[in-house]
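Participant: Taking our numbering, the leading residue of the sequence shown gets 93, the next gets one more, and so forth.
Quick caveat, the hints were computed from the structure, so don't treat them as lab data.
Watch out, some of these pointers could steer you wrong.
As the list claims (entries may be wrong) - Simulated crosslink set (DSBU-like; lysine-lysine; CA at most 30 Å straight-line): (1) LYS321 x LYS282; (2) LYS388 x LYS321; (3) LYS388 x LYS194; (4) LYS170 x LYS296; (5) LYS194 x LYS210; (6) LYS239 x LYS296; (7) LYS296 x LYS381; (8) LYS255 x LYS296; (9) LYS388 x LYS239; (10) LYS194 x LYS282; (11) LYS210 x LYS238; (12) LYS194 x LYS239; (13) LYS321 x LYS194; (14) LYS224 x LYS392; (15) LYS224 x LYS239; (16) LYS224 x LYS210; (17) LYS227 x LYS170; (18) LYS224 x LYS388; (19) LYS282 x LYS388; (20) LYS388 x LYS170; (21) LYS227 x LYS337; (22) LYS170 x LYS321; (23) LYS382 x LYS224; (24) LYS388 x LYS137; (25) LYS170 x LYS137; (26) LYS296 x LYS137; (27) LYS337 x LYS137; (28) LYS227 x LYS392; (29) LYS194 x LYS224; (30) LYS381 x LYS238; (31) LYS238 x LYS227; (32) LYS238 x LYS382; (33) LYS296 x LYS238; (34) LYS239 x LYS227; (35) LYS227 x LYS194; (36) LYS282 x LYS210; (37) LYS382 x LYS392.
Keep in mind it's a predicted model, so treat the numbers as computed, not measured.
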Amino acid sequence: MKKLIIYIVLFMTLPAIILTVYHLINPDYRLGIGDSSIESHRLGKDILIEINGLYKNMDVEEYVWGVLAGVIPADYDKEALKAQAVVIRTNVLRQMEEKGTKDAADIDYHYMTEEERKEMWGRGRFDSCNRKLEKAVSDTAGLVIKKEDNYILAMYHEVSIGKTLGADEVLGEDISYLVSVESNEDVEAKDYMNVVEYTWDEVKGLLSFNGEENPDINVDDVTENGFVKSVTASGTNYTGEDFAKIFGLASANFYIESGDEGVRFVCLGKGVPLGMSQYGCNRMAIEGKKMEEILKYYYKDVSIEPAFSH
93 MKKLIIYIVL FMTLPAIILT VYHLINPDYR LGIGDSSIES HRLGKDILIE
143 INGLYKNMDV EEYVWGVLAG VIPADYDKEA LKAQAVVIRT NVLRQMEEKG
193 TKDAADIDYH YMTEEERKEM WGRGRFDSCN RKLEKAVSDT AGLVIKKEDN
243 YILAMYHEVS IGKTLGADEV LGEDISYLVS VESNEDVEAK DYMNVVEYTW
293 DEVKGLLSFN GEENPDINVD DVTENGFVKS VTASGTNYTG EDFAKIFGLA
343 SANFYIESGD EGVRFVCLGK GVPLGMSQYG CNRMAIEGKK MEEILKYYYK
393 DVSIEPAFSH
């Protein structure tokens, strides 16, 4: 009888023991770390994410934490990190709402696992960087950017050209909160100007051009601030952004210098220059500006408020 009782107890408790051990050895299946600040600031809305072949319902706040690690340097000022956390949360919830999904595969972000973060920062910096980003998320828990009760399209980029551009210039449509603002300090960023060079053979390969002559490349349409709208390469037309992607350019704000040996692209800024400049945001934070002031500078006439009213 005693043996039977022991077998029954083991049968009932063994799965729980196995699951507990698995969670301990696989940190990406725990929410935060112990009584972490993320765990105590759950949004109460889950997103379904696949990690190592297994699916998990993860609170959006934890998801924002993992995304934040991959989109902004961890050594940026805390107010800049807080601003970026609010931007990510806004975009995640907007996409979940617009697409009617809770599947992370449908969201335009990559969640960095703890192992990926350790590889990026190095194990020596992991704890400090991870805690800093966790605090940025928990300090802004639940906060999003809205305009007239709707999540905004919270565009952002790494470095502007010294100012951000309006949606009308880049997207061809007016979006009231995406207007051009000065971001003068960006010209001091190391990535403000990028130069990329290709031989003609490399250019032909990237453009899948089979002719014997070198392809004729021309910028057909450019905005007043240098954002390339259209490029023609030997009869084939490309948007400026598509062309920039083909050649791995930092932005679609570029000009072309052709020579006997190949082509030289000179790019200004990094990313699509709409919304918040991360470099400019960090400079504002270093100067003492707070998260809300930074966000309301780059996104006009918006409110910073809880995603859900309880």
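Participant: Each hint should be assessed against the structure and marked as holding or not.
Facilitator: Here is how each hint holds up against the structure:
Among the hinted pairs, LYS321 with LYS282 is consistent with the structure: their alpha-carbon atoms are about 25 Å apart, no more than 30 Å. A distance of roughly 28 Å separates the Cα atoms of LYS388 and LYS321; the hinted pair therefore holds under the 30 Å criterion. With a C-alpha separation of about 28 Å, the suggested pairing of LYS388 with LYS194 holds against the 30 Å cut-off. In summary, the hint linking LYS170 to LYS296 is not supported, as the alpha carbons are separated by about 45 Å, beyond the 30 Å threshold.
Pair hint LYS194 plus LYS210 holds up; C-alpha atoms about 27 Å apart against a cutoff of 30 Å. A threshold of 30 Å between alpha carbons decides the hint, and for LYS239 with LYS296 the separation of about 46 Å lies outside it, so the pair is violated. For the given pair, LYS296 sits about 48 Å from LYS381 by alpha-carbon distance, which is inconsistent with the 30 Å threshold. Pair hint LYS255 plus LYS296 does not hold up; C-alpha atoms about 34 Å apart against a cutoff of 30 Å.
As the CA atoms of LYS388 and LYS239 are separated by approximately 11 Å, the hinted pair is consistent with the 30 Å bound. Between LYS194 and LYS282 the CA atoms are separated by roughly 38 Å; this puts the pair beyond 30 Å, and the hint is violated. Our distance criterion of 30 Å between C-alpha atoms is broken by LYS210 and LYS238, whose separation comes to about 34 Å. For the suggested pair LYS194 and LYS239, the alpha carbons sit about 23 Å apart, so the restraint of at most 30 Å is met.
For the proposed pair LYS321 and LYS194, the alpha carbon gap of about 34 Å is over 30 Å, so the pair is violated. For the suggested pair LYS224 and LYS392, the alpha carbons sit about 28 Å apart, so the restraint of at most 30 Å is met. Between the alpha carbons of LYS224 and LYS239 the distance comes to roughly 29 Å, so the proposed pair stays at or under 30 Å and holds. Annotation: proposed proximity of LYS224 to LYS210 holds, straight-line Cα distance about 14 Å (limit 30 Å).
A distance of roughly 9 Å separates the Cα atoms of LYS227 and LYS170; the hinted pair therefore holds under the 30 Å criterion. Between LYS224 and LYS388, the direct Cα distance comes to roughly 23 Å. Compliance with the 30 Å bound is thereby established for this hinted pair. Annotation: proposed proximity of LYS282 to LYS388 holds, straight-line Cα distance about 26 Å (limit 30 Å). Only pairs whose Cα atoms come within 30 Å are accepted, and LYS388 paired with LYS170 is accepted, the gap being roughly 17 Å.
The suggested pairing of LYS227 with LYS337 is violated, with an alpha-carbon distance near 34 Å, which exceeds 30 Å. Distance restraint check for LYS170 and LYS321: the Cα-Cα separation of roughly 36 Å exceeds the 30 Å cut-off, and the hinted pair is therefore not satisfied. For a cut-off of 30 Å, the pair hint linking LYS382 to LYS224 stands: about 16 Å separates their Cα positions. Under the criterion of a C-alpha separation no larger than 30 Å, the hint pairing LYS388 with LYS137 is consistent with the structure, at around 26 Å.
Of the supplied pair hints, the one linking LYS170 and LYS137 holds, its CA atoms being roughly 25 Å apart against a limit of 30 Å. Among the hinted pairs, LYS296 with LYS137 is inconsistent with the structure: their alpha-carbon atoms are about 49 Å apart, more than 30 Å. This hinted pair does not check out: LYS337 and LYS137 have alpha carbons roughly 35 Å apart, beyond 30 Å. Between LYS227 and LYS392 the alpha-carbon distance is near 26 Å, which keeps this suggested pair within the 30 Å criterion.
Taking the CA atoms of LYS194 and LYS224, the gap is about 27 Å. The hint holds against a cut of 30 Å. Of the pairs offered as hints, the one joining LYS381 and LYS238 holds, with about 20 Å between alpha carbons and a cut-off of 30 Å not exceeded. With a C-alpha separation of about 22 Å, the suggested pair LYS238 and LYS227 falls inside the 30 Å cut-off, and the hint holds. For the given pair, LYS238 sits about 18 Å from LYS382 by alpha-carbon distance, which is consistent with the 30 Å threshold.
Taken as a hint, the LYS296 and LYS238 pair is broken in the structure, with Cα atoms around 46 Å apart against an allowance of 30 Å. For the hint pairing LYS239 with LYS227, the CA-to-CA distance comes to about 26 Å; that is within 30 Å, so the pair holds. Taking the CA atoms of LYS227 and LYS194, the gap is about 24 Å. The hint holds against a cut of 30 Å. The straight-line distance between the Cα atoms of LYS282 and LYS210 is roughly 25 Å, inside the 30 Å bound, and the hint therefore holds.
This hinted pair checks out: LYS382 and LYS392 have alpha carbons roughly 16 Å apart, not beyond 30 Å.
Going through the hint list in order, the structure does not satisfy hints 4, 6, 7, 8, 10, 11, 13, 21, 22, 26, 27 and 33.
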